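Novice: Protein chains in written order, with our numbering: chain A, 1 to 203; chain B, 1001 to 1069.
Be a bit skeptical, because a hint or two may be false.
Label-pair restraints from in silico Cβ distances [unchecked claim]: (1) Glu1043/B / Thr124/A: 51 to 59 Å; (2) Gln1062/B / Val164/A: 25 to 33 Å; (3) Glu1043/B / Thr49/A: 25 to 33 Å.
Straight-line distance between alpha carbons at most 27 Å, and here's what the computed BS3-like set of lysine-lysine pairs gives [said to hold, decoys possible]: (4) Lys1050/B / Lys1016/B; (5) Lys150/A / Lys196/A; (6) Lys121/A / Lys1050/B; (7) Lys196/A / Lys1050/B.
For the record, the hints were derived by calculation from the structure and aren't laboratory data.
If you're wondering where the values come from, they're calculated on a predicted model, not measured in any experiment.
Ideal Cβ positions, reconstructed from N, Cα and C, are used throughout, including at glycine.
Letter by letter, the chains look like this.
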Amino acid sequence: MVDFVPRYVRANVLRGQAALWIAPFSATAPVTIPQDTLALGGDWAVPVTGNVLWKSVGATESGVTMRFTRETTDITIEEQVNPVDVATNTLDPRVEAVLAEDTLETMVTAYGGGTITAVAKTPTNPGTSQLTISSELTHLTLGMEAVNNKGFWRRVVFPDVLSVAEVETSYRRAETQRLYAVSFRMVNPLSELIIKEMTALAG
Amino acid sequence: MAEEHSSSSSKSSGKKGTRVRTVFPVGSFEGENFPTITSEGTELNQTELKAAQDAAAENDVQLVVEDGS
């Protein structure tokens, strides 16, 4: 029997986490992908190479999942058993995670939108923050960063997403931490989705 | 793109001019010694700006100085 091994590139088999960043959506002054010179793992919120409006979503229970769901319709004819064409009905790119930092900022993100009003402390009154949930979904810009097969950055930016997850948070003594599921659905045209990676060092 | 920079411009106290905003997702930041600062931006004079920056640091709220001109 012939000892057959298909060709493969071991370095292309990857694992590893992704960092998730969110920023407010603006149609007139969109928050853009960081500059190419910002290193892998760099802070997207730094001025100039990034944008101060980017904010990390913080810890997750089990990492980040990027889901790309395509629903199709088979075009068939009597004369052929398999489809002669497959048409796209819908595309649903989304990013999902379960956030594990229990803060008002996490609640705003998970609940779809709202406003936090922070009041500074005074000599007589403590500082407070109050969250008001909005009934309408708030548009966000979502960024994701991971390492690519060359050891450099791979960045994905969803310019306009809505946070639509069903959120259930258990307050338990010791069973589990408080968790906030998030599911960001992309609502901008597919052509505006950015998936970009660094392939070589400068010079 | 917004850019953070020092607020050491030469404006006189009591005169508005430095535009400050809160960083997403904080919608507004309020206090006794300075006007409410929103995520859209609020103009402060130098005294208000200093008070707001000190209070923001103590309350873990990030402010961005947008325009010192």
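Novice: For this structure, which hints from the list above don't hold up?
Specialist: Numbers 1 and 7 - these are the hints that the structure violates, sorted from lowest upward.
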